[in-house]
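Undergrad: Each chain is listed here by its residues.
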Amino acid sequence: DTGVSQNPRHKITKRGQNVTFRCDPISEHNRLYWYRQTLGQGPEFLTYFQNEAQLEKSRLLSDRFSAERPKGSFSTLEIQRTEQGDSAMYLCATTTGGTEAFFGQGTRLTVV
Amino acid sequence: KQEVTQIPAALSVPEGENLVLNCSFTDSAIYNLQWFRQDPGKGLTSLLLIQSSQREQTSGRLNASLDKSSGRSTLYIAASQPGDSATYLCAVKGDYKLSFGAGTTVTVRA
Numbered sequence: 597d598t599g600v601s602q603n604p605r606h607k608i609t610k611r612g613q614n615v616t617f618r619c620d621p622i623s624e625h626n627r628l629y630w631y632r633q634t635l636g637q638g639p640e641f642l643t644y645f646q647n648e649a650q651l652e653k654s655r656l657l658s659d660r661f662s663a664e665r666p667k668g669s670f671s672t673l674e675i676q677r678t679e680q681g682d683s684a685m686y687l688c689a690t691t692t693g694g695t696e697a698f699f700g701q702g703t704r705l706t707v708v
Numbered sequence: 003k004q005e006v007t008q009i010p011a012a013l014s015v016p017e018g019e020n021l022v023l024n025c026s027f028t029d030s031a032i033y034n035l036q037w038f039r040q041d042p043g044k045g046l047t048s049l050l051l052i053q054s055s056q057r058e059q060t061s062g063r064l065n066a067s068l069d070k071s072s073g074r075s076t077l078y079i080a081a082s083q084p085g086d087s088a089t090y091l092c093a094v095k096g097d098y099k100l101s102f103g104a105g106t107t108v109t110v111r112a
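These protein sequences, in sequence, are chains H and U. According to this note's numbering, the stretch in the first sequence is residues 597 to 708, in order. According to this note's numbering, the stretch in the second sequence is residues 3 to 112, in order.
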């Protein structure tokens, strides 16, 4: 499969725990995005990498959220001290500049 | 800030009818516009990409138009089928990110 891959697909965690999600991009796609989607809404931008550099972060991304993209390959999104409001679908997308963006299947997070 | 609106929020049609989905955006300074399909609990599947210099794009039964100056795009789906039932999202690309509408949920009745 040469598409965008996200793991895990589903994550249930207790409030206060830390979680980490992974995104493996389409090879040679230098731009990688993280989005969050809640029920009935469109995806909201969280952060953006060009190669290994994190160039933009949304104000939605509180201090509890951190993202990395070491060596410009896969990316991880970590949420510390999870809260019930963090429950959402977390989506990863990759592209090569002004071209078509491709999304992964997402990670569904449920905080109980 | 770019605002993207999709009307209607939901649509139910009998099989065979043509679908017309609307998308409007407030800032015409876009690089491209992309239409996506999303099935329940799944990720987004890209349907069509229209560059800002283009007026329309076609793929099979799908046709999307773009009027950048008026901030509008329309997705036409010809001869709808039950398998077309899904949520359709439009997204506009500004300087670096995609801004999404809330989507139109389509139900095609057999």
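Hints may be right or wrong, so weigh each one.
[Stated by the list, open to error] Residues from chain U that keep clear of chain H, each with C-beta distances beyond 12 Å, as calculated:
(1) V22
(2) L51
(3) Q53
(4) R57
(5) S67
(6) L91
(7) A93
(8) K95
(9) D97
(10) G105
[Claimed, not checked] Going by beta-carbon spacing under 8 Å, a handful of chain H positions derived as facing chain U:
(11) L656
(12) F670
(13) G702
[Claimed, not checked] Straight line, CA to CA, 27 Å or less: simulated BS3-like cross-link-like pairs of lysine-lysine:
(14) U:K44 - H:K607
(15) H:K667 - H:K653
(16) U:K70 - H:K610
No lab work stands behind these hints: they were computed from the structure. Note that beta-carbon positions come from the ideal geometry of N, C-alpha and C, so glycine has one too.
Undergrad: Now look at each hint and say whether the structure bears it out.
TA: The hints, checked one at a time:
| no. | hint | verdict |
| --- | --- | --- |
| 1 | V22 | holds (19 Å) |
| 2 | L51 | violated (5 Å) |
| 3 | Q53 | violated (7 Å) |
| 4 | R57 | holds (17 Å) |
| 5 | S67 | holds (18 Å) |
| 6 | L91 | violated (6 Å) |
| 7 | A93 | violated (8 Å) |
| 8 | K95 | violated (7 Å) |
| 9 | D97 | violated (9 Å) |
| 10 | G105 | violated (6 Å) |
| 11 | L656 | violated (12 Å) |
| 12 | F670 | violated (17 Å) |
| 13 | G702 | holds (5 Å) |
| 14 | U:K44 - H:K607 | holds (14 Å) |
| 15 | H:K667 - H:K653 | holds (19 Å) |
| 16 | U:K70 - H:K610 | violated (46 Å) |
The structure fails to meet hints 2, 3, 6, 7, 8, 9, 10, 11, 12, 16 from the earlier list, while all remaining hints are met.
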